[in-house]
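Taken in sequence, the protein lines are chains A and B.
Its first residue numbered 128, the first sequence is counted upward by one per residue in this note's numbering.
Its first residue numbered 36, the second sequence is counted upward by one per residue in this note's numbering.
Misleading hints may appear alongside valid ones.
Between beta-carbon pairs, the in silico distance windows are [to be verified]:
#1 B/D119 with A/G409: 54 to 64 Å
#2 B/T37 with A/A497: 27 to 37 Å
#3 A/G264 with B/T37: 51 to 61 Å
#4 B/D121 with A/A453: 48 to 58 Å
#5 A/R479 with B/D146: 28 to 38 Å
#6 B/P46 with A/R389: 28 to 38 Å
Some but not every residue of chain B turned toward chain A, in silico, with C-beta under 8 Å [said to hold, decoys possible]:
#7 D72
#8 V78
#9 G92
#10 K98
#11 V100
#12 S101
#13 Y104
#14 D108
Hint data in this document are derived by calculation from the structure and do not stem from the laboratory.
Source: prediction; values computed, not measured.
Backbone N, C-alpha and C define an ideal beta-carbon position, used for all residues, glycine too.
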Amino acid sequence: MTDFAGWLMPLRYASETSEHNAVRTAAGLFDLSHMGEFFVSGAGAATALDYALTGEPSALRPGRARYTMICAEDGGILDDLIVYRLAEDEFLVVANAANATVVGAALSERAVGRDAVVSDRTDDYALIAIQGPRSAGILAPLTTANLAEVKYYASYPAQVAGRQVLLARTGYTGEDGFELFARPSDAEFLWAQLSVAGADDGLIPAGLAARDTLRLEAGMPLYGNELSADLTPFDAGLGRVVKLDKSGDFVGRAALTERANRAPERQLIGLICKSRRVPRHGYDVLWEGEPCGSVTSGAPSPTLGVPIAMAYVRPQVAAAAAELAARDHAAGERSDGSRDGAASTGLAVDVRGRAEPATLVELPFYRRPA
Amino acid sequence: MTVPTELYYTPEHEWIAISGSTASVGITDHAQRALGDVVFVSVPAAGSRVSAGEPCGEVESTKSVSDLYSPVDGEVTEINPEIDDDPGLVNSDPYGAGWLFKVLLDETDGDVPPGLLSAAEYAALTKEDE
């Protein structure tokens, strides 16, 4: 167990590698009750959120959801969020546990005078996620919802095992899956029902460690690693979440407009290491033997069987490393994966004092089979 | 957590089995549980010298990396040939198939090398951790 933003959570239930693989090949069950849930309601809810967030929640149809961000006036990322439009005048905003206080305060402040009420309902909701290719098959017999009609990034009020939940087809693993917002008093029961229903299909509980390697393989950013108040969505390669063309002002518009029109100072890249020593958060990335950036997340990838990492590097380095990777690919690497003088002439990560050669790859590292 | 009574231990969570002038070294059950799934172990090369308390390798797991410290002075005579292909042996059988390397001890007067903990001492130490 580990302390995660004040919540006592399991890093793993048994083996994090088995948990990871279960989600890729069968299904995994996650307790995500630590996530912050904020309801934004009232005639002005859509307008208030358009002002508070980088996205355009007013353009969402009821029942649909979107990945978005909340930024400070200077464009720095306060959190990444999923916003669900539950009804014409009601939205659910799901925030990271570590940022929930900041997000709640910012939403409330930004709703003032906009005919919207923000309420922190974190303690009113448990959140259970079932993720993996067999999720729909396991969940279908238990729920009143017709899962074939539940689109990706959509939510429906539904019953699961006779208990009322908000059922959403969202997740953070790169797999198909569902998230169940449930009453805390129903959580244990639902967990047990899902565990039993999925046992024959290989469903097992999965902890934070598996969640981290799953999202990393899927190229999804984690706040505190790839995202921070010192970075804008453009730095993270997520400029698409900033709707500069929406009508009306929003917090951060001036800074983000300026940022959108300027050449980036850094670029988020994917790396695959050639040795088995693993790049970790904070390690230097080297180009031609000189520091050119920093690893944000790194782990041994259970799916690929090699260490992978995301890192911020100077854009010129990203371009040169991409060119080098393409050239290597075309030439065909030697069977041992080495290249002449790789440590000094190409891309590498300083893994505790030793330069470990790495190759730039396009994100994500893993894409689920269509 | 298991702490076999016939072994010696270090505060860095290694175990040592002494047989004549040879010490076999591995990491404890407590250590493998704390690390999680081990994905790579680098051990000192056969023939190399190791000194008690000095780093001589590393253990990589999904979430972290730890230095491996030599518990004794001597020369490495053998490394576990299975561990490179199957580092998960450290998790599944830390005191058996997951052993890491063997050292020919410098001092072979029959005494236990200095500074090692008994099973009872190590069990007490890890209990404080919890």
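Comparing the hints with the structure gives:
With their beta carbons about 27 Å apart, B/D119 and A/G409 fall outside the hinted range of 54 to 64 Å. For the pair B/T37 and A/A497, the beta carbons lie near 46 Å from each other, so the given range of 27 to 37 Å is not met. For A/G264 and B/T37, the hinted distance range of 51 to 61 Å is not satisfied, since their beta carbons lie about 39 Å from each other. For the pair B/D121 and A/A453, the supplied restraint of 48 to 58 Å is violated, since their beta-carbon distance comes to about 35 Å.
The hinted range of 28 to 38 Å is satisfied by A/R479 and B/D146, whose Cβ atoms lie roughly 35 Å apart. A C-beta distance of roughly 53 Å is found between B/P46 and A/R389, which places it outside the suggested range of 28 to 38 Å. Among the interface hints, the one on B/D72 holds; its C-beta lies about 4 Å from the nearest C-beta in chain A, closer than the 8 Å criterion. Below 8 Å, beta-carbon pairs count as interface contacts, and B/V78 has none with chain A, the closest being about 13 Å; its hint is therefore violated.
Given hint, B/G92 at the interface with chain A, is violated; its Cβ is 11 Å from that chain's nearest Cβ, farther than 8 Å. For B/K98, the suggested interface contact is upheld, since its CB lies about 5 Å from the closest CB of chain A, less than 8 Å. Hint status for B/V100 relative to chain A: holds, with the closest Cβ pair at about 6 Å, below 8 Å. A least Cβ separation of about 11 Å between B/S101 and chain A goes past the 8 Å threshold, and the interface hint is therefore violated.
At its closest, the beta carbon of B/Y104 sits 15 Å from a beta carbon of chain A; the interface hint therefore is violated under the 8 Å criterion. For B/D108, the suggested interface contact is broken, since its CB lies about 24 Å from the closest CB of chain A, more than 8 Å.
Of the hints listed earlier, those the structure fails to meet are numbers 1, 2, 3, 4, 6, 8, 9, 12, 13 and 14, in rising order.
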